[in-house]
Structures are given as structure tokens and as C-alpha cells.
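J.: The residues making up each chain are set out below.
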Amino acid sequence: MPPRYPLKAKGYKELTNVINKIKDNSMQWRYFKQKIFFGAVRISALIIVLTLGGIVFHIIFNGIGVISWDFITKYPTDSMTKGGIMPAIIGTLYLTVGAISVGLPLGIVSAIYLTEYARQGKIVRIIKVGINCLAGVPSVVFGLFGLGLFVVFLKFGSSILAGSLTLGFLILPTIIGAAEEALKSVPQTFREASLALGVSKWQTIFRIVLPNALPGIMTGSILGIGRAAGETAPIMFTAAAYFTSKLPGSIFDEVMALPYHIYVLATAGTNIEQTRPIQFGTALVLVALVLGIDLIAIVIRSYMRKQKRW
Amino acid sequence: MGVNAIINVNDVNFYYGNFKALTDIKMDFKKNLVTALIGPSGCGKSTLLRLLNRMNDLIDGTKVEGEILFAGQNIYAPDVDPVEIRKKIGMVFQKPNPFPKTIYNNISYGPKLMWNLSKSDIDDLVEQSLKQAVLWDEVKDILNKSAMNLSGGQQQRLCIARALAMKPDVLLMDEPTSALDPISTAKIEELIDDLKKNYTIIIVTHNMQQAARISDETAFFYIGKLIEYNKTGKIFTKPDVQHTEDYITGRFG
Numbered sequence: 448m449p450p451r452y453p454l455k456a457k458g459y460k461e462l463t464n465v466i467n468k469i470k471d472n473s474m475q476w477r478y479f480k481q482k483i484f485f486g487a488v489r490i491s492a493l494i495i496v497l498t499l500g501g502i503v504f505h506i507i508f509n510g511i512g513v514i515s516w517d518f519i520t521k522y523p524t525d526s527m528t529k530g531g532i533m534p535a536i537i538g539t540l541y542l543t544v545g546a547i548s549v550g551l552p553l554g555i556v557s558a559i560y561l562t563e564y565a566r567q568g569k570i571v572r573i574i575k576v577g578i579n580c581l582a583g584v585p586s587v588v589f590g591l592f593g594l595g596l597f598v599v600f601l602k603f604g605s606s607i608l609a610g611s612l613t614l615g616f617l618i619l620p621t622i623i624g625a626a627e628e629a630l631k632s633v634p635q636t637f638r639e640a641s642l643a644l645g646v647s648k649w650q651t652i653f654r655i656v657l658p659n660a661l662p663g664i665m666t667g668s669i670l671g672i673g674r675a676a677g678e679t680a681p682i683m684f685t686a687a688a689y690f691t692s693k694l695p696g697s698i699f700d701e702v703m704a705l706p707y708h709i710y711v712l713a714t715a716g717t718n719i720e721q722t723r724p725i726q727f728g729t730a731l732v733l734v735a736l737v738l739g740i741d742l743i744a745i746v747i748r749s750y751m752r753k754q755k756r757w
Numbered sequence: 056m057g058v059n060a061i062i063n064v065n066d067v068n069f070y071y072g073n074f075k076a077l078t079d080i081k082m083d084f085k086k087n088l089v090t091a092l093i094g095p096s097g098c099g100k101s102t103l104l105r106l107l108n109r110m111n112d113l114i115d116g117t118k119v120e121g122e123i124l125f126a127g128q129n130i131y132a133p134d135v136d137p138v139e140i141r142k143k144i145g146m147v148f149q150k151p152n153p154f155p156k157t158i159y160n161n162i163s164y165g166p167k168l169m170w171n172l173s174k175s176d177i178d179d180l181v182e183q184s185l186k187q188a189v190l191w192d193e194v195k196d197i198l199n200k201s202a203m204n205l206s207g208g209q210q211q212r213l214c215i216a217r218a219l220a221m222k223p224d225v226l227l228m229d230e231p232t233s234a235l236d237p238i239s240t241a242k243i244e245e246l247i248d249d250l251k252k253n254y255t256i257i258i259v260t261h262n263m264q265q266a267a268r269i270s271d272e273t274a275f276f277y278i279g280k281l282i283e284y285n286k287t288g289k290i291f292t293k294p295d296v297q298h299t300e301d302y303i304t305g306r307f308g
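The listed protein sequences derive, respectively, from chains A and L.
Residue numbering for the first sequence follows my numbering, beginning at 448 and increasing consecutively.
Residue numbering for the second sequence follows my numbering, beginning at 56 and increasing consecutively.
Please keep in mind that the hints were generated in silico from the structure rather than gathered at the bench.
Idealized CB from N, CA, C, for every residue including glycine.
Any given hint could be a false lead.
Some chain L residues well away from chain A (every beta-carbon gap over 10 Å; in silico) [unchecked claim]:
#	residue
1	Thr78
2	Arg141
3	Asn152
4	Glu244
Which chain L residues stay away from chain A? Per the calculated CB distances, all over 10 Å, these [to be verified]:
#	residue
5	Val64
6	Val67
7	Tyr71
8	Val194
9	Gly207
10	Glu245
11	Leu246
12	Met263
13	Asn285
14	Pro294
15	Asp301
Straight line, CA to CA, 20 Å or less: simulated EDC-like cross-link-like pairs of lysine to aspartate or glutamate [what the hints assert, rightly or not]:
#	chain 1	residue 1	chain 2	residue 2
16	L	Lys242	L	Glu182
17	L	Lys289	L	Asp301
18	L	Lys142	L	Asp112
19	L	Lys118	L	Asp136
20	L	Lys280	L	Glu122
21	L	Lys251	L	Asp271
22	A	Lys529	A	Asp517
23	L	Lys195	L	Asp179
24	L	Lys85	L	Asp271
25	L	Lys81	L	Glu120
26	L	Lys200	L	Asp178
27	L	Lys75	L	Glu122
28	L	Lys167	A	Glu639
29	L	Lys85	L	Glu283
30	A	Lys648	L	Asp115
31	L	Lys289	L	Glu300
32	L	Lys242	L	Asp271
33	A	Lys529	A	Glu720
34	L	Lys167	L	Asp179
35	L	Lys222	A	Glu461
36	L	Lys143	A	Glu639
37	L	Lys85	L	Glu122
38	A	Lys648	L	Asp134
39	A	Lys648	L	Glu244
40	L	Lys222	L	Asp179
Go ahead and model the full structure; you've got the sequences and the hints to work with.
T.: Below is the structure:
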């Protein structure tokens, strides 16, 4: 009879024996497996940190040279090949604040409906699938949607308002998801305790559930803030200007924005190679801005967490 | 209907979805007495307790048949707001569940939302409620500290004080001492004895000795049915039903 497993050749048997021996000595085998597993986990974590570090280092290394007080407080000059990026910083701040003002209330209210009011069933499931799909929609599609609805149909024009609304809808799924998780993590016993006192459902949500969920909601919003500040495609058609010589006077004005400014300089500028340092400098400012906003949110969150403990 | 009954349960059936949790319950709870509901796990005693202040409304897919009269009014009538019922019929839960607020705010939370009170009125109410729950002396200097720092027994008395601050007529207690140590349990039992002067107390308990110690009347439930309901002394010495005796003497359950 021919051997059924050609692998079982010379050497294979010895190897099997060694493995079996280790397996017999089972504690040793288990420690060995544990070591391999821990090693893999450590390496994964390291890769993430290195990637982030690499990106940040690359941006800082290439961009720090152009950073100066003038760079962040002056208008661009000489067809944007020199000067500062102040209008883009201001524009991104406006758009981010605008997006949060749209996305946060809407997201929280939706999450309250989904977790506290809606009967858990088919409709809620469909809504949740819808929200997940919304999260997966490419950002350029949001941009086109914003262009069609806010800019053209509602006649807002390319403006802070249209851009904020578009970005607000873009970050809505993130905020709903985070708010839902945060609301669910508030112990059911708190709701029962409040309702049993003869406090109405709305008051219970407003006075007990929401305050205890806020730190969690903040965490989710941090992700939303980063995304709103960094996206280019959604504001391309709805808010961003190639160049403005003054700051916006109202929410119906166009603005410059950091991500769009980088995009413009890197692809359509008058002298792409020459403006490379400015591109990196702008990227550095954008990253610093997002991290700065995150930091503020984290500080507020940890302050609120200190107040609430259960 | 007894003359001094405050709650009348009339032929109540209760369902969780298709599961019938209570069958033809008929009983009157008398005013200013402590009534204990006993029976093995899953017998429906907690379900009945939560029916009395409409807490089961919070669970999807439940259905109530029959009527429960509180002071002569059917609390399951369509025009009745459960919020109004819960103001009159307070509840203390199995696990102490203070809000993550200060001790003071735990007590003042409900009254502030319900009545228009001045600061000094609220101060008085907080003090009075905490004194009623025999907690005042322990916490009067730390009213602005978080209630989460209190011990389990103190937290449970705080929850009782919180319920009392709403000036209810009836206090429902769902195994209020099962998560507490013996000393805290003794304090709560003493408190219950004290409170029955002013309140009607209905308590679910797994602890037979506790029922015997603190209650005036005892109702024994088994698989969703009320088996026997009588004076506590009678139930624990000479029950009419063999089933009750078997449970009380620990032959099953």
C-alpha cells in the first residue's frame, strides 16, 4: 500500500514526536502558546504606534520649517506660494464647530429615540442598518448630496452653512453610535429608581440618563470632530473656497479650509514643488488643530467622569 | 373588600408575552400594615409587587387583565397616568440604587421636580426624610458627598429616604435586605417596623424569618397563584394549606 500522506516522510516523524513531547508536558506547551500570542499582540500594538508616529514625524519634519507666527496669522500671498494660512485655519474652525452643532444634537436625539423610546423590533433594526450604511457612504457622495440639497436646491450657495450641514450629516453615524452605546451603558437601575419616584420618562432621560451618558457621548464626538475637520471631499462643493481675501462675514459666505488648501496646493497650485513646505506646514497645523480640539474634549470628559461615578 | 384596605387586587392575570406569570390573583392590602409576599423564585411575588406601581409597564410585551384598585381607583384604567400612581406608591429595590449624585441631591431630586419648593423647604424635607430613614445622624455632615461612598446598608436607607421624600401612601419593597449584611438588615427591619405607623408597606422577601419578624400579614405564592393569605402568626404556626407549611418548614423551595 502506498503511503497515504507523502508528508509523513523522514524527519516528519521526529518532529511529531517533539511536538507530542511538548504537548505531554502541557504547562510548558501552554506557556509557549501564551508567549507566541502575547508577542503577536505586542507587535500589532507596536505597528499601530509606529504608523501614527511615522505619519506625525513625517509631517513635523517636513512642515516645522515654515511654521511661524506669520504663517498662522497672515493671508496667503503671491498666488498662495508665500504668506500664511490664517483664513484656512479660521474656516476649518468654523466648519468643525458648525458640523458639531448640527451633528451632536441630531445624533443625541436620534440615539435617545433608538435606545429609550422606540420599541426594539423590526423598525429599529432597519433604522440601525440605515445608520450603518450611512457610515459607509463615501465622503464624496456626501459632498454631492450637500451640493444638490443645500447649495443648489435650498440656495444656500457654497457657504459655511451648507458645508456645516454636509459635514454634520457625515459625522452623524459616528455620533449616533457613540451616543447609543453611552446611553445603554447607563444602568437600568437608575431609570427604574427615577421612574419609581413618579418622575416622568422625559425628565428621567433628561436629568438622570443623559448626564450620566455625556462622557461617553463626548468620546464619540471626538472621533466626529477629527473627521469633520479633516475631510476634503464633502466641503469641496459645498463650502470651500480656492482663495478668499477676507474672512467670512456670515454663515452664507464661502471659506478656505485646511484640508482643501492642502489639496489645492498639492494638485492645482501654481507651483506644486515650490509650495511643498507650505503643504506640509498646513498639514501640521491641521493635525495640531484636530489634536488640540480632541485634547479639550478629553479634558472636559475626564472632568465630567470625575463628577459621575458608579 | 375590607374596610381599611388601601389596595384591592381583583382577579388579576398577568402575562410576559405568552407566559402567564400570575393567575387569578385576588387580595386586599390593608392600610398601615406590613404585608409580606413569600414564595419560591419565579412564583410571581415580585411581578405582583411591580404591578402595584405599574413598573411592569417598562417591559415590552406584557399584558394585565383584571383591575387593581388604589384608594378605590383602578390604576390600570386607560385615563390613569402611571407617573401619578408612582408618586403615591413608592418603591425600594433589591439592590441599593442611589443616583450618582450627592446624598442631598438624591433626596431632593424627586420633590424638586414635583413641587415648587423653596431652598429651606427642601432642606427641611431632606432632613426629615433622612431622619425617618434613621440615616440623618450618619450623614448630616456629608450631605454634599457622593451617595456612592456610603456603605450598602446606608445606601439602602438612603433609597428608602428618597422614596419617603415623595410623601407616598404605600411603600413597596422588593427584597430590600437581600444584598445587605445582618447588621444593616436589622436596621432596615427596625425601620420598617417604625414606618408602618405612617405608611402601608408591602415587602417581597425570600427570608422566612424576616417575614415572620416584621410582617402583620403574609401571602404565600406558588407558580403564579396565591396559595394562602392570612395573619402572619397564623401562616407561620397553623397554615390552612399543606403546601404553605411545606414551604415554610423548608421542605421545598
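J.: Of all the hints numbered above, which does this structure not satisfy? Sort the numbers upward.
T.: 2, 3, 35, 39
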